[in-house]
Amino acid sequence: ERDALRPEEDRDVDAIVPAPLSSPAFHAADAVARRLEVHGLDGRDIDAKASGLRRTSPMAAAGAMARIVLFLPLLPVFLLSMGIQSTLGFVKGNSTDEGVDARTTYHFVFALFASMIVWPIVAGGLTAASYFGGLLEPSGVPELAAVGFFLLLFPVFVLSGWSFAWAWDGWVVLRGGLRRSRLRRRHGAAFVQELQALHAVLDE
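Going by the numbering used here, 18 is the number at position 18 of the sequence shown; the sequence numbering is gapless.
Treat the hints loosely; a few may be bogus.
Stated by the list, open to error - Per label pair, the in silico range of CB-to-CB distance:
#1 Gly-134 to Ser-57: 47 to 53 Å
#2 Pro-155 to Phe-26: 51 to 57 Å
#3 Thr-87 to Ala-33: 30 to 36 Å
#4 Phe-113 to Glu-143: 28 to 34 Å
#5 Leu-178 to Phe-113: 33 to 39 Å
#6 Gln-196 to Asp-97: 40 to 46 Å
#7 Gly-134 to Ala-165: 34 to 40 Å
#8 Pro-155 to Ala-128: 15 to 21 Å
#9 Phe-113 to Glu-37: 31 to 37 Å
#10 Glu-37 to His-199: 19 to 25 Å
#11 Ala-102 to Arg-35: 28 to 34 Å
#12 Ser-95 to His-199: 41 to 47 Å
#13 Asp-97 to Leu-70: 36 to 42 Å
#14 Gly-148 to Arg-175: 39 to 45 Å
Quick caveat, the hints were computed from the structure, so don't treat them as lab data. Cβ coordinates follow ideal geometry from the N, Cα and C atoms, glycine included.
Hey, can you work out the whole structure from these sequences and the hints?
Next up, the structure:
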C-alpha cells in the first residue's frame with residue numbers, strides 16, 4: 001500500500017527545491033542586511049527614516065557608562081558567585097550539537113539551579129575565612145556575626161547578578177555605538193547609497 005503511493009518515477013531535485021527568491025527589492029534589502037551583518041549590526045541600527053545609521057545619544061552613552069562603573073565594585077563578588085556557573089553553562093551549552101534550543105536550555109538550567117549548589121559553598125567559604133581570620137571578632141559575638149554574614153551574602157550575590165545584567169546592557173549600547181561609528185567611517189557613503197537604492201525600488 002505504501003509503495004502504491006509513490007510516484008512512478010523520482011522527481012527532479014529542481015522540481016522539489018523551491019527557486020530562490022529574486023526581485024529588485026529583495027536584492028536591495030539583502031545588500032543592506034549583509035552590510036550590517038558584516039559589522040555585527042542589524043536592522044535596529046538604522047535610523048527612523050531608514051536614511052542611515054542611528055546615533056547613540058549622549059544621555060544613553062552616559063547611562064551606559066554609569067551602569068558599567070557601578071558594576072565594577074561588585075565584580076569580585078560576581079566572579080565568586082556567578083563565575084563558576086556561568087563558565088559551566090557557557091562551556092556545556094556551546095559544546096552541544098543539539099542546536100540553539102538545547103544550548104539555551106543548558107544556559108538556563110545552569111543559571112537557575114547551579115546557584116542552589118554554588119552559592120552555599122561560596123558563602124560558607126567566605127564566612128569560614130572571615131571567622132577563622134578574625135575579621136568578625138570586633139562584633140563581640142563572632143558566631144552570631146558569622147551566621148548574619150552568611151545570610152547577608154545571598155542578597156549580595158543577587159545584587160551582583162542584577163548589576164551585571166545592567167552593566168551588560170550598558171556595554172551593548174556602547175558596543176553598538178562603536179560598531180555604527182566604524183561602519184559610518186569606513187563604508188558610510190556606500191551604505192547610504194544601498195539604502196537609497198532600496199527606497200527607490202520600494203517606491204516604484
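We went through each hint and held it up to the structure:
With their beta carbons about 51 Å apart, Gly-134 and Ser-57 fall inside the hinted range of 47 to 53 Å. Taking the beta carbon of each, Pro-155 and Phe-26 are about 53 Å apart, inside 51 to 57 Å as hinted. Taken as a hint, the range 30 to 36 Å holds for the pair Thr-87 and Ala-33, whose Cβ atoms sit roughly 33 Å apart. For the hinted restraint 28 to 34 Å between Phe-113 and Glu-143, the CB-CB distance of approximately 31 Å keeps it satisfied.
Distance hint check for Leu-178 and Phe-113: the Cβ-Cβ separation is about 36 Å, which falls inside the suggested range of 33 to 39 Å. The given range of 40 to 46 Å is respected by Gln-196 and Asp-97, whose C-beta atoms sit roughly 43 Å from each other. At roughly 35 Å, the beta carbons of Gly-134 and Ala-165 sit within the given window of 34 to 40 Å. The beta-carbon spacing between Pro-155 and Ala-128, approximately 20 Å, falls within the hinted interval of 15 to 21 Å.
The given range of 31 to 37 Å is respected by Phe-113 and Glu-37, whose C-beta atoms sit roughly 35 Å from each other. In this structure the supplied range 19 to 25 Å holds for Glu-37 paired with His-199, their Cβ-Cβ distance being about 20 Å. Taking 28 to 34 Å as the suggested C-beta distance range, the pair Ala-102 and Arg-35 conforms, at roughly 32 Å. As the Cβ distance of Ser-95 to His-199 is approximately 44 Å, the hint placing it in 41 to 47 Å holds.
The hinted range of 36 to 42 Å is satisfied by Asp-97 and Leu-70, whose Cβ atoms lie roughly 39 Å apart. A hinted range of 39 to 45 Å holds for the C-beta pair Gly-148 and Arg-175, which are about 40 Å apart.
Hint compliance for this structure: every hint is met.
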